[in-house]
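Asker: Letter by letter, the chains look like this.
2 protein chains.
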Amino acid sequence: MSDEKLRFELSEYRTRLEKARSAMERAGIDVLVVTDPANMGWLTGYEGNSFYVPQCVVVSKDKDPLWFGRGQDANGCRRTAYIGEDRIRWYEDHYVQSDTLHPMTVLGQFLTDEGHGSAIIGLEKDSYYFSPAGFEALTAALPNARFKNAMRMINWERIVKSPREIEYMRGAGKIVEAMYERITEVLRPEVKQSDIIAEISYVGTRGVGDYWGDYPSAVPNLGAGADASAPHLTWTDKPIRANESIFFELAGVHKRYHCPLSRSYYLGKPSQQMLDAEKAVLEGMSAGLEKAVVGNYCEDIALAYGNALAKYGLKKASRAGYSIGMGYPPAWGENSASFRDGDKTELRPGMTFHFMSGLWYDDWGIEITESFLITEGEVEFLSNVPRKLLVIE
Amino acid sequence: MSDEKLRFELSEYRTRLEKARSAMERAGIDVLVVTDPANMGWLTGYEGNSFYVPQCVVVSKDKDPLWFGRGQDANGCRRTAYIGEDRIRWYEDHYVQSDTLHPMTVLGQFLTDEGHGSAIIGLEKDSYYFSPAGFEALTAALPNARFKNAMRMINWERIVKSPREIEYMRGAGKIVEAMYERITEVLRPEVKQSDIIAEISYVGTRGVGDYWGDYPSAVPNLGAGADASAPHLTWTDKPIRANESIFFELAGVHKRYHCPLSRSYYLGKPSQQMLDAEKAVLEGMSAGLEKAVVGNYCEDIALAYGNALAKYGLKKASRAGYSIGMGYPPAWGENSASFRDGDKTELRPGMTFHFMSGLWYDDWGIEITESFLITEGEVEFLSNVPRKLLVIE
Numbered sequence: 001m002s003d004e005k006l007r008f009e010l011s012e013y014r015t016r017l018e019k020a021r022s023a024m025e026r027a028g029i030d031v032l033v034v035t036d037p038a039n040m041g042w043l044t045g046y047e048g049n050s051f052y053v054p055q056c057v058v059v060s061k062d063k064d065p066l067w068f069g070r071g072q073d074a075n076g077c078r079r080t081a082y083i084g085e086d087r088i089r090w091y092e093d094h095y096v097q098s099d100t101l102h103p104m105t106v107l108g109q110f111l112t113d114e115g116h117g118s119a120i121i122g123l124e125k126d127s128y129y130f131s132p133a134g135f136e137a138l139t140a141a142l143p144n145a146r147f148k149n150a151m152r153m154i155n156w157e158r159i160v161k162s163p164r165e166i167e168y169m170r171g172a173g174k175i176v177e178a179m180y181e182r183i184t185e186v187l188r189p190e191v192k193q194s195d196i197i198a199e200i201s202y203v204g205t206r207g208v209g210d211y212w213g214d215y216p217s218a219v220p221n222l223g224a225g226a227d228a229s230a231p232h233l234t235w236t237d238k239p240i241r242a243n244e245s246i247f248f249e250l251a252g253v254h255k256r257y258h259c260p261l262s263r264s265y266y267l268g269k270p271s272q273q274m275l276d277a278e279k280a281v282l283e284g285m286s287a288g289l290e291k292a293v294v295g296n297y298c299e300d301i302a303l304a305y306g307n308a309l310a311k312y313g314l315k316k317a318s319r320a321g322y323s324i325g326m327g328y329p330p331a332w333g334e335n336s337a338s339f340r341d342g343d344k345t346e347l348r349p350g351m352t353f354h355f356m357s358g359l360w361y362d363d364w365g366i367e368i369t370e371s372f373l374i375t376e377g378e379v380e381f382l383s384n385v386p387r388k389l390l391v392i393e
Numbered sequence: 001m002s003d004e005k006l007r008f009e010l011s012e013y014r015t016r017l018e019k020a021r022s023a024m025e026r027a028g029i030d031v032l033v034v035t036d037p038a039n040m041g042w043l044t045g046y047e048g049n050s051f052y053v054p055q056c057v058v059v060s061k062d063k064d065p066l067w068f069g070r071g072q073d074a075n076g077c078r079r080t081a082y083i084g085e086d087r088i089r090w091y092e093d094h095y096v097q098s099d100t101l102h103p104m105t106v107l108g109q110f111l112t113d114e115g116h117g118s119a120i121i122g123l124e125k126d127s128y129y130f131s132p133a134g135f136e137a138l139t140a141a142l143p144n145a146r147f148k149n150a151m152r153m154i155n156w157e158r159i160v161k162s163p164r165e166i167e168y169m170r171g172a173g174k175i176v177e178a179m180y181e182r183i184t185e186v187l188r189p190e191v192k193q194s195d196i197i198a199e200i201s202y203v204g205t206r207g208v209g210d211y212w213g214d215y216p217s218a219v220p221n222l223g224a225g226a227d228a229s230a231p232h233l234t235w236t237d238k239p240i241r242a243n244e245s246i247f248f249e250l251a252g253v254h255k256r257y258h259c260p261l262s263r264s265y266y267l268g269k270p271s272q273q274m275l276d277a278e279k280a281v282l283e284g285m286s287a288g289l290e291k292a293v294v295g296n297y298c299e300d301i302a303l304a305y306g307n308a309l310a311k312y313g314l315k316k317a318s319r320a321g322y323s324i325g326m327g328y329p330p331a332w333g334e335n336s337a338s339f340r341d342g343d344k345t346e347l348r349p350g351m352t353f354h355f356m357s358g359l360w361y362d363d364w365g366i367e368i369t370e371s372f373l374i375t376e377g378e379v380e381f382l383s384n385v386p387r388k389l390l391v392i393e
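Those protein sequences? They're chains A and B, same order as listed. Read in this note's numbering, the first sequence has 213 at position 213, and its numbers run on one by one without any break. Read in this note's numbering, the second sequence has 227 at position 227, and its numbers run on one by one without any break.
Among these hints, one or two may not hold up.
Heads up, the list lumps identical chains together, so a pair's fine if it works in one copy or across two of them.
Stated by the list, open to error - Computed cross-link-like contacts, DMTMM-like style, restricted to lysine to aspartate or glutamate with a CA-CA straight-line distance of at most 25 Å:
1) 269 - 185
2) 311 - 343
3) 315 - 93
4) 291 - 244
5) 63 - 113
6) 148 - 18
7) 311 - 190
8) 5 - 190
9) 61 - 113
10) 5 - 380
11) 269 - 346
FYI, nobody ran anything at the bench for these hints, they're computed from the structure. Predicted, not measured: the structure shown is a model, and the values here were computed from it.
Generate coordinates for the entire structure from the input sequences, incorporating the hints supplied.
Answerer: Laid out in structure tokens, this is it:
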């Protein structure tokens with residue numbers, strides 16, 4: 001395919017491939033089977049809504065990456081990835097959702113043909129879209145190979161962003177700003193939740209300027225009133241109510257790169273509970289952000305946040321953030337570093353995180369978050385939405 | 001939780017549970033670990049955007065279903081499922097995306113506590129969101145249990161729809177009609193693909209009347225010009241072009257129930273190739289639909305379609321349809337019956353299918369499809385969108 005269709009320079013894909021090969025060498029792996037769609041896309045440019053059937057990219061020491069997927073998706077590979085015709089392999093359609101056949105058996109044969117029958121093969125054993133049945137079919141088809149768990153290997157290589165990746169994420173940040181501007185315009189008592197989400201989706205998909213809106217890896221979460229106790233509910237047609245809080249967790253997205261952001265709104269005069277929580281969260285975020293400097297650990301941000309909350313008698317039971325970037329359903333987190341006790345990931349320039357400072361209790365919750373870039377100096381916020389409980393009188 | 005929040009009568013969930021137990025008994029399974037989000041929701045009502053971390057519903061012979069998930073998602077269970085407080089179990093947050101711990105180890109302990117340590121346990125070994133690492137953690141935690149593959153067991157139980165499910169799907173059908181009406185209004189040369197998708201998402205999320213729009217398990221696919229050769233591409237900001245075809249594959253969705261539908265458009269005077277393909281597809285669909293009667297097999301529809309195409313020198317390499325209903329990302333197919341050679345699933349009233357009659361070749365494609373309900377008589381189409389190549393002059 002032509003270079004112009006790729007979302008990054010070919011040289012960037014080559015750099016990524018070398019990073020992957022170095023990681024493989026450190027882990028003593030000859031061949032890596034990459035099943036996570038974001039890892040596949042990051043390595044090759046492959047893009048498509050095809051991850052509901054088995055597919056992968058195979059990285060070896062000296063050959064170009066090999067794409068493997070369903071026959072009908074080979075054209076998608078030709079049209080989105082830098083992979084040449086000789087490196088595309090597919091399985092016939094009767095392997096799809098069969099009780100007796102599995103596509104990973106076919107991959108085993110292709111790997112044998114490539115000379116990898118006795119190789120040490122790395123598998124993403126805890127990635128999305130690689131099942132126990134797929135694992136069994138692949139290992140059975142390669143009786144002389146040895147297998148190592150390479151889960152999160154490529155995810156970790158993705159953690160420092162290139163200038164082009166950062167540009168896409170800044171674009172995503174502009175989109176999420178526009179989404180919140182729209183929410184502020186339309187969020188009123190009696191409006192249906194689904195109508196609010198329709199507005200959010202509209203703005204998010206149109207995008208801002210040249211930054212067209214791609215689909216988020218996870219649809220908007222929201223929680224109104226007591227439903228704000230649950231972080232992962234989606235919408236219904238329930239009307240927005242006065243004198244109630246509601247949070248949104250959304251992402252602006254450009255070319256699969258995400259800028260997540262959450263805000264809680266209050267329609268009316270906020271309750272003292274919400275005002276107290278706002279104060280604690282904002283103070284905690286400031287404390288955490290102070291620690292978001294090169295050389296510190298991810299856990300430092302979580303600990304600072306937790307300590308500030310503790311002064312107010314609040315506690316966050318879940319991790320306070322995670323690495324972000326390229327993503328496919330079901331999640332926009334990169335599945336590598338987290339802001340939590342024990343995470344000694346050293347902060348480096350070019351890392352990007354969602355400071356997921358949301359709090360959920362038995363019958364209420366609050367979400368005010370930020371996504372940011374680690375720089376040599378202070379963090380750069382990827383979007384600019386007022387960091388506070390947003391009140392609609 | 002209160003009955004009124006459930007999307008189905010409690011009695012319907014009880015009926016589903018009994019179906020699951022019968023299937024387990026036929027398969028010689030004592031305990032079933034259900035990890036597919038649609039299967040979880042169908043059994044218990046559990047609903048949420050939380051499937052990016054391990055979670056499941058456990059069905060046993062005599063106890064109420066047990067929900068197992070991340071601590072922060074327990075409130076979502078309380079607010080959406082009929083599961084009582086005593087049947088909710090969770091894991092602590094440090095198990096999330098850990099290199100050393102896996103939530104399925106915790107599930108093993110809970111299953112032991114339930115008295116299932118030596119049981120015959122069914123696992124969905126090829127479902128979404130159950131990984132090889134999860135499988136290994138669970139089996140290691142239950143050294144005295146025996147494991148059987150129960151993949152697709154619950155999917156097959158979902159295949160005949162209840163009157164309430166059919167009502168939701170008819171609502172989804174009205175939504176997809178509205179989406180295509182909007183496309184017909186806005187699809188014009190020079191409009192950006194992303195702006196068209198924004199309109200589709202807006203209409204799809206607002207819904208029609210009381211049928212509010214839920215999110216589709218897969219975002220819209222589209223293919224314009226030569227990109228129509230690839231079935232699973234999504235949008236960019238590329239402008240719509242005159243004298244080119246473009247297909248859309250979308251679903252209207254209400255309360256997680258889908259009505260998928262595809263149409264190809266042509267902007268300008270259609271090429272002879274497209275007109276010929278339209279004729280072949282429509283003739284093939286009529287032939288297939290004639291076979292969509294109670295007592296026939298799923299393969300009969302595929303064979304009739306294929307035979308009709310063959311007269312025009314065309315061939316469909318992929319399955320020609322699949323069972324539809326409730327779904328979560330990444331796919332709205334139910335992962336049970338398919339329209340393809342060898343599928344001897346007998347058609348019964350209440351089954352619902354997407355007749356996925358799309359064709360993709362090296363540098364072009366066409367998609368004109370229908371979703372329908374099997375009845376005692378002729379099929380009932382779930383939506384009413386003109387079944388033809390839609391031409392915009």
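Asker: Indicate, hint by hint, whether the structure satisfies it.
Answerer: Do the hints match the structure? See the list:
no.	hint	verdict
1	269 - 185	within (18 Å within a copy, 42 Å between copies)
2	311 - 343	within (23 Å within a copy, 63 Å between copies)
3	315 - 93	between (51 Å within a copy, 13 Å between copies)
4	291 - 244	neither (33 Å within a copy, 54 Å between copies)
5	63 - 113	within (13 Å within a copy, 50 Å between copies)
6	148 - 18	within (20 Å within a copy, 41 Å between copies)
7	311 - 190	neither (37 Å within a copy, 57 Å between copies)
8	5 - 190	between (45 Å within a copy, 19 Å between copies)
9	61 - 113	within (16 Å within a copy, 47 Å between copies)
10	5 - 380	neither (29 Å within a copy, 43 Å between copies)
11	269 - 346	neither (42 Å within a copy, 60 Å between copies)
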